[in-house]
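As they're listed, the protein sequences go chains A and B.
Residue numbers for the first sequence follow this note's numbering, so the first one is 112 and each next one is one higher.
Residue numbers for the second sequence follow this note's numbering, so the first one is 112 and each next one is one higher.
In short, the hints are calculated from the structure, not lab data.
Bear in mind that the values here come from a model prediction, so they are computed numbers and not experimental data.
Honestly, I wouldn't trust all of these hints.
Remember, identical chains collapse to one label, so a pair may be satisfied in a single copy or spanning two.
To be verified - Computed list of lysine-lysine pairs in DSS-like fashion (alpha-carbon distance at most 25 Å, straight line): (1) K441 x K404; (2) K204 x K186; (3) K204 x K441; (4) K177 x K263.
2 protein chains.
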Amino acid sequence: MSKSINVRTPSGDYEVLIGSKLLGSYNFKWLVQNRQILIIKDSMVPNEILETLRISLSNSQPMEIKVLEIETNEKTKSFEGLIPIFEVLNANKFNRDCLLIGLGGGITTDMVGFVAASYLRGVDLIQIPTTLLSQVDAAIGGKTGINFAGSKNNIGAFYQPKLVLMDIDCLKSLSKSDFTDGIAEIIKHSLIADKNLFTKLENIFSKNNELSDEDLVQIVYESSLIKAFIVSNDEKEKGDRALLNFGHTYGHAFEAIQSLEGFSHGQAVGLGMICASHLSFLLKKISSDEFEKIKNLIKSAGLPHEIPENFDVNDFIEAMSRDKKILDKKLRFITLRGLGSAEITEDPPEDLVLKSINL
Amino acid sequence: MSKSINVRTPSGDYEVLIGSKLLGSYNFKWLVQNRQILIIKDSMVPNEILETLRISLSNSQPMEIKVLEIETNEKTKSFEGLIPIFEVLNANKFNRDCLLIGLGGGITTDMVGFVAASYLRGVDLIQIPTTLLSQVDAAIGGKTGINFAGSKNNIGAFYQPKLVLMDIDCLKSLSKSDFTDGIAEIIKHSLIADKNLFTKLENIFSKNNELSDEDLVQIVYESSLIKAFIVSNDEKEKGDRALLNFGHTYGHAFEAIQSLEGFSHGQAVGLGMICASHLSFLLKKISSDEFEKIKNLIKSAGLPHEIPENFDVNDFIEAMSRDKKILDKKLRFITLRGLGSAEITEDPPEDLVLKSINL
Numbered sequence: 112m113s114k115s116i117n118v119r120t121p122s123g124d125y126e127v128l129i130g131s132k133l134l135g136s137y138n139f140k141w142l143v144q145n146r147q148i149l150i151i152k153d154s155m156v157p158n159e160i161l162e163t164l165r166i167s168l169s170n171s172q173p174m175e176i177k178v179l180e181i182e183t184n185e186k187t188k189s190f191e192g193l194i195p196i197f198e199v200l201n202a203n204k205f206n207r208d209c210l211l212i213g214l215g216g217g218i219t220t221d222m223v224g225f226v227a228a229s230y231l232r233g234v235d236l237i238q239i240p241t242t243l244l245s246q247v248d249a250a251i252g253g254k255t256g257i258n259f260a261g262s263k264n265n266i267g268a269f270y271q272p273k274l275v276l277m278d279i280d281c282l283k284s285l286s287k288s289d290f291t292d293g294i295a296e297i298i299k300h301s302l303i304a305d306k307n308l309f310t311k312l313e314n315i316f317s318k319n320n321e322l323s324d325e326d327l328v329q330i331v332y333e334s335s336l337i338k339a340f341i342v343s344n345d346e347k348e349k350g351d352r353a354l355l356n357f358g359h360t361y362g363h364a365f366e367a368i369q370s371l372e373g374f375s376h377g378q379a380v381g382l383g384m385i386c387a388s389h390l391s392f393l394l395k396k397i398s399s400d401e402f403e404k405i406k407n408l409i410k411s412a413g414l415p416h417e418i419p420e421n422f423d424v425n426d427f428i429e430a431m432s433r434d435k436k437i438l439d440k441k442l443r444f445i446t447l448r449g450l451g452s453a454e455i456t457e458d459p460p461e462d463l464v465l466k467s468i469n470l
Numbered sequence: 112m113s114k115s116i117n118v119r120t121p122s123g124d125y126e127v128l129i130g131s132k133l134l135g136s137y138n139f140k141w142l143v144q145n146r147q148i149l150i151i152k153d154s155m156v157p158n159e160i161l162e163t164l165r166i167s168l169s170n171s172q173p174m175e176i177k178v179l180e181i182e183t184n185e186k187t188k189s190f191e192g193l194i195p196i197f198e199v200l201n202a203n204k205f206n207r208d209c210l211l212i213g214l215g216g217g218i219t220t221d222m223v224g225f226v227a228a229s230y231l232r233g234v235d236l237i238q239i240p241t242t243l244l245s246q247v248d249a250a251i252g253g254k255t256g257i258n259f260a261g262s263k264n265n266i267g268a269f270y271q272p273k274l275v276l277m278d279i280d281c282l283k284s285l286s287k288s289d290f291t292d293g294i295a296e297i298i299k300h301s302l303i304a305d306k307n308l309f310t311k312l313e314n315i316f317s318k319n320n321e322l323s324d325e326d327l328v329q330i331v332y333e334s335s336l337i338k339a340f341i342v343s344n345d346e347k348e349k350g351d352r353a354l355l356n357f358g359h360t361y362g363h364a365f366e367a368i369q370s371l372e373g374f375s376h377g378q379a380v381g382l383g384m385i386c387a388s389h390l391s392f393l394l395k396k397i398s399s400d401e402f403e404k405i406k407n408l409i410k411s412a413g414l415p416h417e418i419p420e421n422f423d424v425n426d427f428i429e430a431m432s433r434d435k436k437i438l439d440k441k442l443r444f445i446t447l448r449g450l451g452s453a454e455i456t457e458d459p460p461e462d463l464v465l466k467s468i469n470l
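Only chain A is shown next, with the shape it has when bound in the complex (with noise of 0.2 Å):
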């Protein structure tokens, strides 16, 4: 069982295959032959799914393969994190043929994306996203890239891989609240472009049963096919791709204040979501039943639906103006025009943005 989606961009066309069993079964051959392979894993990924990928890639009659296993925290997403990575390519001479295989949540696909981009200018390269985040929201778009003195994502490239591989068994050893954060971009990408995929995912929630696989391979699916799409039409980020922001610029906020500590970016995407869809309330641009299900649907998820009690509203405020500071132009939010459908909207009133924070 798997779905296919053909990614076409101005540097390059490339599949997207998601399904269960897929490392196991996938061919490689016609990337992997002859060539010099290095995979570098994520310490959180099992090693059950490295063997049984490793099993397949030795099928494809590589050169070699090589395997670096890397920490990945924010703090590793950096230079320093990189060094290793460059290190095994020039020491084991890997040259402008080889092929690089990111295995990993988000963290190791843009760290090994960025590598993929800079070595000998450019090598080829697998993503095999191993969480669901990583799957619906990194792993496709070629946005690759470290932190830097304190900033997030600030160095990097936009570089295309010549295959991602969403294997939904890889999933099975995520926490809950791992599985949530992907949950969150998922709900999210129904909201801002696909009322179908948002009608699904409300039948699939109110079940309240476990996700089956082929609900999973089709959510996944249905998610990958909207990215897709929006960053086949926007490679280089100039223009669609900000409505995937939706939920993020109050994500964000809710991110950086202390009161909310603990909260994962999910968790904090979600809850930005209600407020987002409440401040389009509140500009008029979706009705109040619309608004309901948009919060009964991140609540039957899951995640976050309420603003918790020791919420302080004046670290809101700071955290909002500093990013706005930080931009140094105005503030921009994603809102909602109907489900499925969404537009920024530069500079809402003020008032407004405090109102949509009242749940």
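Since chain A is already given, all that's left is putting chain B on it; use the hints.
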């Protein structure tokens, strides 16, 4: 007096302007207005050149102009050497709409090009090469990068600038040796692609006078035209760009061996071109008359035309075979098939290669 080349590449077109008094007279407004500008200046570049540029930029209504001076050598051409540049950009909150200007020789333009490629995943760039070698070689073609772990240019990006300015007035402060390094590349371009330029160079250097400004603009222009034509057709270095390595297989070996220590890159390439031409003659691809013409031009340009007395042939053979081992494949020589035309010759008979250095 200025000449213009439009370089077309799949990732964007840009103009290369060649002339005198360009920095003081160019109207930067279309690129500079309302933008944050960082000039990264090689410490070897005289301050008057910087000041001329700064005045022109200031007249074009920039938002702000910062200047960072860097030391350039094969050691600072590294991750460590990039850090101060990224720090200035980050500390001054330069955004995606900023503009970087590389002002210096090939190391500067290589480093600044890579920073421009990767800061915020790519910002705009003007290259102002200030040495003859960087004008006719490094500044066209979008190859950027740094050295890592003892290997040269093994990390970087293909990244095209928005504009390249070649002001021959920048060349007035060059040492004789730096100047002839550039002349060697111009001769190379004539040999592989332009018989008329070869004849022009013969005329210029037979006069035994200082080059006039007109002559200099003309040969920089024609040489750049050849480089631009080749890289336009082969942005990512998969085909004809290899012809630009004419003389370099020998040259790299000459640079690597102790008995020729002190040879500059241009001197090594000059001598390498004589050997490669000799090889072409031995392979019956050019006539003895053509070979003599080439030797005479290289000699009259002030480049070495004879193997020095202390040359150790065993060192040379070892350096060549080391290259061969590193490449893990056949040794590639670029050979001529007449004046102004070149081709790739893989693994020519070893005895001919040895004979070719007997001048």
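Legend entry - Indices of hints not satisfied (ascending): Violated: hint 1 alone.
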